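Visitor: Single-letter residue listing:
6 protein chains.
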Amino acid sequence: MTVTPRHDGRAADQLRDIRITRNWLDHAEGSALIEFGRTRVLVAASFTEGVPRWLKGQGTGWVTSEYEMLPRSTNTRSDRESRKGKVGGRTHEISRLIGRSLRAIIDTSALGENTIVVDCDVLQADGGTRTASITGAYVALADAVADARSRGLIAKNANPLTDSVAAISVGIVGGVPVLDLDYPEDSTAETDMNVVMTGSGGFVEVQGTAEGAPFDRDELNALLDLAAGGIKTLTALQQEALAGEARARRV
Amino acid sequence: MTVTPRHDGRAADQLRDIRITRNWLDHAEGSALIEFGRTRVLVAASFTEGVPRWLKGQGTGWVTSEYEMLPRSTNTRSDRESRKGKVGGRTHEISRLIGRSLRAIIDTSALGENTIVVDCDVLQADGGTRTASITGAYVALADAVADARSRGLIAKNANPLTDSVAAISVGIVGGVPVLDLDYPEDSTAETDMNVVMTGSGGFVEVQGTAEGAPFDRDELNALLDLAAGGIKTLTALQQEALAGEARARRV
Amino acid sequence: MTVTPRHDGRAADQLRDIRITRNWLDHAEGSALIEFGRTRVLVAASFTEGVPRWLKGQGTGWVTSEYEMLPRSTNTRSDRESRKGKVGGRTHEISRLIGRSLRAIIDTSALGENTIVVDCDVLQADGGTRTASITGAYVALADAVADARSRGLIAKNANPLTDSVAAISVGIVGGVPVLDLDYPEDSTAETDMNVVMTGSGGFVEVQGTAEGAPFDRDELNALLDLAAGGIKTLTALQQEALAGEARARRV
Amino acid sequence: MTVTPRHDGRAADQLRDIRITRNWLDHAEGSALIEFGRTRVLVAASFTEGVPRWLKGQGTGWVTSEYEMLPRSTNTRSDRESRKGKVGGRTHEISRLIGRSLRAIIDTSALGENTIVVDCDVLQADGGTRTASITGAYVALADAVADARSRGLIAKNANPLTDSVAAISVGIVGGVPVLDLDYPEDSTAETDMNVVMTGSGGFVEVQGTAEGAPFDRDELNALLDLAAGGIKTLTALQQEALAGEARARRV
Amino acid sequence: MTVTPRHDGRAADQLRDIRITRNWLDHAEGSALIEFGRTRVLVAASFTEGVPRWLKGQGTGWVTSEYEMLPRSTNTRSDRESRKGKVGGRTHEISRLIGRSLRAIIDTSALGENTIVVDCDVLQADGGTRTASITGAYVALADAVADARSRGLIAKNANPLTDSVAAISVGIVGGVPVLDLDYPEDSTAETDMNVVMTGSGGFVEVQGTAEGAPFDRDELNALLDLAAGGIKTLTALQQEALAGEARARRV
Amino acid sequence: MTVTPRHDGRAADQLRDIRITRNWLDHAEGSALIEFGRTRVLVAASFTEGVPRWLKGQGTGWVTSEYEMLPRSTNTRSDRESRKGKVGGRTHEISRLIGRSLRAIIDTSALGENTIVVDCDVLQADGGTRTASITGAYVALADAVADARSRGLIAKNANPLTDSVAAISVGIVGGVPVLDLDYPEDSTAETDMNVVMTGSGGFVEVQGTAEGAPFDRDELNALLDLAAGGIKTLTALQQEALAGEARARRV
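Residue numbers (the working numbering), protein chains in the order written: chain V, 1 to 251; chain B, 1 to 251; chain S, 1 to 251; chain F, 1 to 251; chain A, 1 to 251; chain C, 1 to 251.
One or more of the hints may lead you astray.
Copies of one chain are not kept apart here, so a pair can be met inside one copy or by any two copies together.
[Stated by the list, open to error] Simulated pairs of lysine-lysine, DSSO-like, Cα-Cα distance not exceeding 30 Å:
1) LYS86 x LYS56
2) LYS84 x LYS56
3) LYS156 x LYS232
What the hints contain is simulated information worked out from the structure, not anything from laboratory work.
Quick caveat: nothing in here was measured; it's all calculated off a predicted structure.
Can you build the whole structure from these sequences, using the hints too?
Guide: Structure (structure tokens):
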């Protein structure tokens, strides 16, 4: 693959610097501060016994997510959704995407009647906040599951995690398909696609949008190839983060 | 393509009965009652001069959409979002999708500083409400543009419509890729994908979700092939609907 | 009665064309599309077992209603109440009126601990939306009761319907009392009155409002006479609609 | 008229003790504490220059009203609407009724581009809160108009008040038509009617509701006769209250 | 202490005229209309059996408060919080302060699993609404406790009231520490402090705020001395109000 | 002062480890991550030209603050205020306290018609979140002012900062007055006081609350002495943080 003149010097198929700081929080059952370049998302996975009313008595658990941006995570300050009294469409949409992505690798029967809520709060935004969220959320989720198991809240021989999951954005910028768009790229892309895949390489979500002209099948294929490569790297970084010993949580 | 034993007897690549009743409303600048089988969506396109504050003075127009389901459009009644005091995530998400799809075929400079709001209200839901909405919305939008032109609100030589747009769902049901899922199919699909394409065959949106197991590249390709066929038929039906003379609107 | 020069040529005591399309919906226990001229209201009656908490254990049922207008049912588009985050006073007021009107002909003991919610959604508005709603609601309610009986959810020998109910508007327009005002008449009426009556001729609601000068006792009497005549015709049309065989509902 | 055995010993056509304390507040342009027996409503009329945006530039003014009950005005405490985050249907309905009643005796051209908001806050409720509100509101409104005139905000030779307005409830209790129902009567009435009339005897609003069995024309007539008598007395009491000298307001 | 030239002629350590009208309401278990000069607050204490869910089964009761201002209690009308759909920060803050102040003199075990809600509605505001609220709230609370005891809802030998509580504002106005600021003083004070104390002289709350320049330790001490004197007088007035016989409540 | 057996081994007058990481964010005009032991607050100061409508044309600026806790900042997860659709009383109260504290050291005339919003988001809570917020907010505010000056948005010779400001909590725990309470101390304190002081030693806010028994004048004095010592240290740490060179902001 040729090196394109991306504004920050990256190759077309190159991720930004990715950092996963596991157990960034003291209270949460699982947590991570994940950074995709300047984008920083604080992820916290909260495990609670019991399930929402509509699931009671079925023997299965529930995993959901809430995403939100701090008001000054962006270049100009946005009003807080709490003050506006309503959650915006974009916030809802991304929260739902993260939740679906996590449920794709969860065996809710093995989880038992327990709930895990994964909060993704964007401390700083520079493009790719939803993909960073999903990628970090898996790490926090894995720790929350491990914590519950060690406390006997999930049976030792049950494994609610059926795979890992990660996400990356791809897009066509200046006519060239590129991986992991930062904000300047994202805001000028002709086509923007978010791809969520399992560690074993299956597709969980493909969301492609023509921002300018419609895209064709060849472009779609080029983007999917790029994404698959990026996901492979992210999966390795997740495994690496989880390989160390988790810091003891403060209950 | 072989005929699969779909519960309603359709072939895998067969659409439901599609009906577009143009100008179903007397007041709206453009309107249509669109039916995909039992799914019925009432679409109204409202043209108003002027644009939202954040667009003023730029010489470009705005097209947006709002989607909502009537409380008893579904098999069991849902609470009204107006009574709950908040719009749900799914409603927001679909509204945004319709808006983006329409903007993909609109030249906002040619539209001038005018706004078109396209309301899609689901009177009866049986799967595919968002794809029926987009497909019907194009018809209503085209009529609203024509009406504005005939009234001199858009320059006669300007054409804000750069193409047509339609949408269809595809999915893998019982291991078989099928076109235009109804509710029983949709609720049991392993993979569900909504595809929005222009009349000239470009992709505007591709949204695929693994509801059960992740899907692979071959399945993705089969689904895209099915979708392209369906869109072709829908495009022809849109053209047919628009070919007749529009009923005079009551101002 | 003399023929007054009403703008659409009707006699002072003449209703608009009334159409009741029973079972317009496939899912609802009872439904009707009712048209008073250009005014079109979609009514759906939803039967559910059980009652709101405050009624539990008393052996009586509950009937209530929700009314709403689609954003482009009117000549210029109105914002959705769901997006504004609150239900307006007029919407509340009409919803409450419809609910009271229906409860006037319901024996809640015979209904048992069951609830029927009647949704009235105005697809197109040209005056008289509340009276069309009440008139159509009775048809949908009667079908929902029949459906519940046929399914054994209400005892076969119990009859929750003690009478029928219908409604019509009357008003003084250009000094002349007229029946069933359309929007142009309604917006210029000096006095506007909505009358709800049972099939056997009793008053359920009388709501008269002086829009311009106060009205006197003679005018009030003339309006009530007109209304009684209109209600008689509407009652016959309701019976006719209910006389046919109901289309099988899709459960 | 015969004396009926009402639970508090009143004759069928007898009002409760009515007290109007004018200028109960120091700040408001007009105010009154009005009592219908135990029912106590604090009314404040606020005059401000200018009109809502939708009325600007038409040279006419605006009069509106807001009604609300204190949480412990009733026998058991109700939650505050401010805490519930939404205004209930009954509150909206009564606010709108008061506003319409006041506008019936206002010449908005004579008022000029000024707004008067009349707040009716129920300090204690024992039936008839809306009729007490309207009756007290007229007194506060008249004082606010006089205050504006004395300050030159309304032309000296313009008179925005075209008449006076008052309201009373009537109903059928235990088969007998009675005037000015208190709460025990109101909660057991078969028919309940609120009548708003001008000082010169014209009808502004007639709102009759069958709470139990439908009512007939004779009953309606008996109720309207009772109401007319009550309004006459209330009108005299309003004039008496306004005849004295107004206490100087503290600006 | 020297007599300062306060705008209303009061000495620096002099309260306004204080009036407590006990049992102003007929329904509430305890109530008072309290006046600090022109400031008038209607206080109602509502006793209900049971406690909020989070307290259930612990054998202890709950006392809380809600404060609100009528829209025209102030010199210019404010919008209702119920119409705005949200409760403002100041309203929340004062409601919480009143609740904490009352709980400081309540033995929740002696109260048993019962709840008392104290509503403080400002009918007219002229400075000191929160201190008048707390001072009046004690009187209403004491009556509600006595009422519950007389009805056997609290054990006769249990005394939930461990002390009395009252509140007063102090501040530095024109360089001079003064007691019980009215609105003109409050709006020009350099430092403003609200002090809540028990009848036996302990501090419950001290909330001092530098509105202009920061204040020093000597000023703080002078203000606390003034407050202690004012509280002593208020405590005597509370006892006097409670010494008479309570008017029989209307259940 | 004697060393008391605090649960974490601190002396009664000893602060927790305080860390101020200046310029933690890339976009904000001023920012800091401030840590009081385990308590971590992310502060962002956003400078914008212009003022709210009610201040326009007066030549003065505005400084305000919004405080919020992330859902899993605490030991058990709390619901988001954005999802609940309303901001809680405690959140409002602390936001207002921070805003007042900052305005105490701002010369709004020197600021010109500009607005600074200081967001304080609690990433992890272990007691003292409001005092950490105020202390960190000053650092972010100072940087935002410096940034605006360097860009010429504030006149070079104008200095909107008249002093510095910091805050600390003190309380009586187990009968002993202690400085800078962490969560375990805070939740068992008999008296809890938050003190806000300027760098030059004046009081800006004193908020003392008896959580258990009322406190007396001697206890109040002991707490104020402790606070003054703590503020001195915090002021030095603020100066130290601001002494270094600020990292270049990314516009």
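Visitor: If a hint holds in the structure, say so; if it doesn't, say that too.
Guide: Results of checking the hints against the structure:
no.: 1; hint: LYS86 x LYS56; verdict: both (28 Å within a copy, 25 Å between copies)
no.: 2; hint: LYS84 x LYS56; verdict: between (33 Å within a copy, 23 Å between copies)
no.: 3; hint: LYS156 x LYS232; verdict: within (29 Å within a copy, 53 Å between copies)
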